Amino acid sequence: MSDSAGLVVTGIGVTTAVGRGKADFTRALFAGEHRFAVMERPGRQSGTRFVGAELPAPVPSARLGARELRTASLTGQVALATLDEAWTEAGLDGYDPDRVGLVIGGSNLQQRELVLAHDRHRAKPHFLRPSYGLSYLDTDLCGLCTSAFGIRGLAHTVGGASASGQLAVIEAAEAVASGRVDVCVALGALADLSYWELLGLRAMGAMAGEDHADAPGDACRPFDKGRSGFVYGEACAALVIERRGARPEAPAPYARLSGWSVRLDGNRNPDPSLAGETAAIRQALDRAGLTARDIDYVNPHGTASPTGDTTEVAALKACGLTHAAVNATKSITGHGLTAAGAVEAAASLLQLRHGRLHPTRNLTEPVDDAPRWVREAAVEADIQHCLSLSMGFGGINTALCLSACAA
Amino acid sequence: MTKEKTFSLIVDAVREILPELAGHDFADTDTLDALGANSMDRAEIVMTVLEEMDLDIPLVDTHGPQNLGELAQHLSDTAAVKAG
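Residue numbers (this note's numbering), protein chains in the order written: chain H, 1 to 407; chain V, 1001 to 1084.
None of these hints come from the bench; they were simulated from the model. As the structure is a prediction and not an experimental result, all values here were calculated from the model. Note that the Cβ used here is the ideal one computed from N, Cα and C, for glycine as well. One or more of the hints may lead you astray.
[What the hints assert, rightly or not] Among chain H residues calculated to face chain V with C-beta under 7 Å, some are:
{"id": "1", "residue": "P60"}
{"id": "2", "residue": "R63"}
{"id": "3", "residue": "A66"}
{"id": "4", "residue": "R122"}
{"id": "5", "residue": "H126"}
{"id": "6", "residue": "F127"}
{"id": "7", "residue": "S131"}
[Claimed, not checked] A few chain H residues facing chain V, derived, Cβ under 7 Å:
{"id": "8", "residue": "P130"}
{"id": "9", "residue": "R243"}
{"id": "10", "residue": "R247"}
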């Protein structure tokens, strides 16, 4: 294990349907707002009425020229705006670009835009724009972001299905811990699904939504007995990670990255694994030098999957975490898929800083009474240590411990 | 398609792909390099014009012309030959 001591988060950027920028996002979190509706973005429906949470029109980053804006995908535009917020807060302008890195969490990120391009050129493929040869790659986002921000240290994508965002945080932390770079930004990228992915996810029984088209606000119900699967939500978040005290100009950190873990189930399927989840939680706690009793708050994966939620509750119980407060950020944002782990790490950090925990929407009849749920209203909370969890299809389990910084 | 009409299509494509040139007064002697187009921009501009002309030729066949006027003449001539 590399040394995780002293790694901190000094900048956050967030873009979700309920809030663009962390001030809006934080307000919406504590108010328990939602923007679930029948989705309208071109390429999202095909004789369907999928429910999800779509972003308002993105506000382009001022770092992007009109020429780049024309060819930047929705995923790219949102990544730039979100990265801009985190970058600016951390004060990275002027820092040695060779010592700054970027890890983007997610794969197959621009599916809707690809479907639109395919549809446009289906009858005349020989006129497909040359830029498609570049833009179909997820790593085009690395090019877009590194050129806009002058990043020269490292940049790559990491794929971990719905754990991608948290995996990016972990990989960025490892990059700083190992000395590859001084500062690394982890970005959970917006997974821009087309109707094809939505149809596939519906067919496999993972996703709720269409049956709630007339009452979209009721569709997303993590940990509730009435849940029927996840509800998609467009989202993106960026976290700036560095060693505490390494840059005099760095702002006061949100928290310390005290421990983390990535554990695999050795299972290609979407099935959750109690053994894998408990292993990830225990390893992250060990690495942080903490016991379960030290954890005040858990931000769970909580997709509202029928078996995923009960397995996760079983993992919390098996790890001795029933005393900790638990809410579900996805009840407010929807499931950001590749972005979720980064968005939820950001939500955890913002709650830690504000000393408050957000409510869990639609948690009217919990699947289990054991966790200390935060239900219909935000509550005050002195959080010293929290745990954020992400799980991805293919047996990918990640856990992240975040600890308040001693003064 | 006349050279003049083709030139107009090229100008439209350049303005779409390089929006900062919206107010530029284009001339035959302008070159894409001098206008600030990178290699991807140049390919996008030419492909946009080829689609507008419904002219299915390889991009490599458009690499000879040295400026916008020559490109317009070349594409106009090529379209005429293809049309028989």
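Evaluation of the provided hints:
no., hint, in the structure
1, P60, "violated, 13 Å"
2, R63, "violated, 15 Å"
3, A66, "holds, 4 Å"
4, R122, "violated, 14 Å"
5, H126, "holds, 5 Å"
6, F127, "holds, 4 Å"
7, S131, "holds, 6 Å"
8, P130, "holds, 4 Å"
9, R243, "violated, 37 Å"
10, R247, "violated, 34 Å"
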